[in-house]
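Engineer: Here is what each chain is made of, one letter per residue.
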Amino acid sequence: MSGGDALAVHFWQGCAVGELRYQRCRACGAAQFHPRRFCARCGGAPDWVVSRGLGTVYAVTSVTRAPTPDFARLAPYDILLVDLDEGFRMMAHGAPGLRIGERVRLGFDRRGERPLPRFEPLGGSS
Amino acid sequence: MAWISGVGDTEFGRLEGETPLSLMARAAGDALAEAGLERGEIDGLLCGYAASLPHLMLATLFAEYFGLKPRYAHALQAGGATGAAMVMLAQRLVDTGECRNLLVVAGDNRLSGQGTDSAVAMLAQVGHRDYEVPFGPTIPAYYGLVASRYMHVHGVSEADLAAFAVLMRSHAALHPGAQFKTPIGIAEVLASRPIAAPLKLLDCCPVSDGACALVVSAAPSETRLRIAGAAQIHPHQHVSAAADLADFALADCAERAREEAGIGIDDVDLLAIYDSFTITLLILLEETGFAPRGKAADRLRAGIFARDGLWPLNTHGGLLSFGHSGVAGGLAHIVEASRQLAGRAGARQVRQPAIAFLHGDGGVMSSHVSLVLRRE
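Protein chains in written order, with our numbering: chain Y, 1 to 126; chain E, 1 to 376.
So here's chain E without its partners, still in its complex pose (with noise of 0.2 Å):
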């Protein structure tokens, strides 16, 4: 069995002078503290990759960095659900036996260290180079077809999509790290710029600073927070190859976590879904299963996905408003996860939750990891 011993993470925003990898030792010294270990018994890494440090061997770089020697190191690729993936490897390395215990990390600086035009125009280039970014696209407009198609299709308004991003506000207002937290209303959000329709500003995630780090071991800590199921799909990478952007057929993926974790949804206490805009997070919550198609801003209003409803969400504020830096934004609804089930939320905690359902998605709907996380 797999254990997530501890964390650590930074704030998210702009964080001048730092580095991907000092950002990522602040995380990852908070992530060995919480679990009681000294970096020589770490003897696995896994890293994240950093758009304003671009290496051959990020994982080895940081080990030196950090001062680790593990057994076993390398980065690891999958688009936003690089987090999510990476914990997947972690448990499946911890129960082979592999490991006994892995620093899983990120970080990056893409506001201060490359700013939001640089980022904007190296994201845009996860598009096809032949056949897509020559039409001047970017993330926004990947995820702007994906919406224009979905909310045709299954009945889904613009007004439904701002209640998300009003949702994430409210939750990032309790979270010191978060880098949003003033509140915003339906309106403010349908009133925001347009950046690739039907998305407008308020829709997108922001570009930040920040990381996040936790520790995979094979023997739990006084949190008892285990690693209860896993599973992927990758169904393709280009959104002009994607079979249906009404259907992304994510249900038996979210079954296989749920599956070999032993629970059915009905067992779920709290949700982490990646959420880099609100078609996202709409998308992810219907594909998963904790709303039927068309029906997620429905659920939100009926208060379901609140800090005191049956399902809350991204308690830290999702990527929406606590902030995207990478891959660390990825594995910032992860550590939230873990702080919620632990009972060390502070200010945001929810009702003794045992029982966590989290999906990430990388690329345009390309790479999808969800996970169980339990407190036993």
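Next up, chain Y with everything else stripped away, as it sits in the complex (with noise of 0.2 Å):
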């Protein structure tokens, strides 16, 4: 967690107790991952929402090389990112063997030092 940004803290807290935060602006009505405290679409003010965590898996990798030996012990695992149905977009961990099209449900895996985003199968494919 990055030490200041008060933003990222909330994200990740949200996380702990369950709930997948994101932001939605206001003016323009367009939903943000990333959380600022401005749109970055039209400048205006965002809200904090909390998603359903359902969602369509855009693109996947298998990483076995990791980046660092922490992660070289869960090795290999699947990164993905998701389409939620809010209309955002975000990296996440998921179950092995995802392809892209398939309809996922959001879980947390609590195993790490936080819970980390991790989609499974919702069963049946778009």
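For the record, the hints were derived by calculation from the structure and aren't laboratory data. In this text the structure is predicted, and so the values were computed from the model without any measurement. Incorrect hints may have been included.
With beta-carbon atoms standing in for the labels, derived distance ranges [as the list claims (entries may be wrong)]: (1) Y:Val9 <-> E:Ala246: 32 to 42 Å; (2) E:Gly346 <-> Y:Gly43: 54 to 64 Å; (3) Y:Ala95 <-> E:Arg256: 36 to 46 Å; (4) Y:Ala72 <-> E:Arg129: 37 to 47 Å.
Facing chain E, a subset of chain Y residues (Cβ under 7 Å, in silico) [claimed, not checked]: (5) Trp48; (6) Val49; (7) Val50; (8) Gly53; (9) Leu54; (10) Thr56; (11) Thr61; (12) Thr64; (13) Leu81; (14) His93; (15) Gly97; (16) Ile100.
Every residue, glycine too, gets a C-beta built ideally from N, C-alpha and C.
Take the two lone chains and join them into the complex the hints point to.
Structural biologist: Right under this line is the structure:
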């Protein structure tokens, strides 16, 4: 967790209580995942909202060569980009073997020092 | 008008006992010698960054070390596009009359000075600190995500990617300074160990030591090599913020560079395209107009990108086989294109090229610079 960034703290505190928090602009309605004190689309003021955690796999990779010894202990692990139904995209972990276009549901992996968003198959693909 | 009046480089690979500054000085000395210029005639200095020598004022540090007192100097950061961005800026600085002879230089010793493990960990930090890095990605993982989407949408296969690794290796074989020269085949690339699916070891560029430099001047040297066109686009920083991983909308950037040069695609004789990964090279060829969507590998198999083809591609072997020494890795494409246009590429020389198109990519398809070099 980054020191000093209250918005990042708020996001990760959400994960700790099982909430995927994102922002929606009061002015233009755009969803925004990387939180800011403004809407990057129109400059308006965003509100925090909680996602239902349902989405579609947009891209997927399986990491064998990890960046650090901590992650090497988990390897291989799947990293996804997921398009959430509310209209934003995020990076997350995924259950092994997920494919592009597959419908997924959010969970949290609580094995590490912080709960990491991790998607599981919803059952049936679109 | 701005002219490339001299180029220089070191070999790439493991270069023990060197520092980024000593490597930069070797390349810079060669570039000045080729340009026929003394240190006192260099009035501008642009340099990149060095991962193994983080410094707030790298340009000034190098100026003092090398013995320059430039009237204009600073470092520049655009990831892998830094080399091309420096050349574009040098062109602009010459065109405005700010400088008459700019030295553009970059060097790093990531391999011997930093080590592959440390470089992999450091490079991953180009991702978002709060919303990407916590998931344990690497640069290959970011590009693995790109590859998965691009290949899914456009029907590109892993064998298509492998064909580019094989081509780069075959080109590197003729360059005395290349890091990897042993021939490889498609099956070997496909069987290389997994890194970040669908990318395997031989889809990824190595970590290298090395340096490159060039001099951009207001007066042409005997090679009459002009920086004829340049353009940039910076659509996003993070892969998770990219609008579409199957269409990066780079055609406009490439077209603006060609328009400034007054040329069309059919006028191009030589390509030097950023190739941090096989997927990078394939996408950039398709984005910048040198292959239809999903068809870059078909064009490769038709011989278009071979040394004797319509558009010889990365004749030094690219980042994939010549090597990747950070900013110098991107500059190596420009040094090679310059040598080819000047007819000084030795055993690698292709038939009388007059116009080269170059494209650099920084981050995860994040920062883009297109260049056109032309022999007048």
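Engineer: Next step is simple, just say for each hint if it's right about the structure.
Structural biologist: Okay, the hints, checked on the actual structure:
1. Y:Val9 <-> E:Ala246: 32 to 42 Å: holds (34 Å)
2. E:Gly346 <-> Y:Gly43: 54 to 64 Å: At roughly 55 Å between Cβ atoms, Gly43 of chain Y and Gly346 of chain E fall inside 54 to 64 Å, so the hint holds.
3. Y:Ala95 <-> E:Arg256: 36 to 46 Å: With Cβ atoms ~44 Å apart, the hint holds.
4. Y:Ala72 <-> E:Arg129: 37 to 47 Å: violated (20 Å)
5. Trp48: Because about 15 Å separates Trp48 of chain Y from the closest Cβ in chain E, which is outside the 7 Å limit, the hint is violated.
6. Val49: With a minimum Cβ separation of about 16 Å from chain E (threshold 7 Å), the hint on Val49 of chain Y is violated.
7. Val50: violated (16 Å)
8. Gly53: Since the shortest Cβ distance to chain E is 16 Å, the answer is violated.
9. Leu54: Not OK, violated: Leu54 of chain Y not within 7 Å of chain E, min 18 Å.
10. Thr56: Violated - the Cβ of Thr56 of chain Y stays beyond 7 Å from chain E, reaching only about 12 Å at its closest.
11. Thr61: holds (3 Å)
12. Thr64: Holds, about 4 Å.
13. Leu81: Status holds, d = 6 Å.
14. His93: holds (6 Å)
15. Gly97: At 11 Å from the nearest chain E Cβ, Gly97 of chain Y fails the 7 Å test, so the hint is violated.
16. Ile100: Holds - the Cβ of Ile100 of chain Y comes within 7 Å of chain E, reaching about 5 Å at its closest.
Of the numbered hints listed earlier, those contradicted by the structure are 4, 5, 6, 7, 8, 9, 10, 15.
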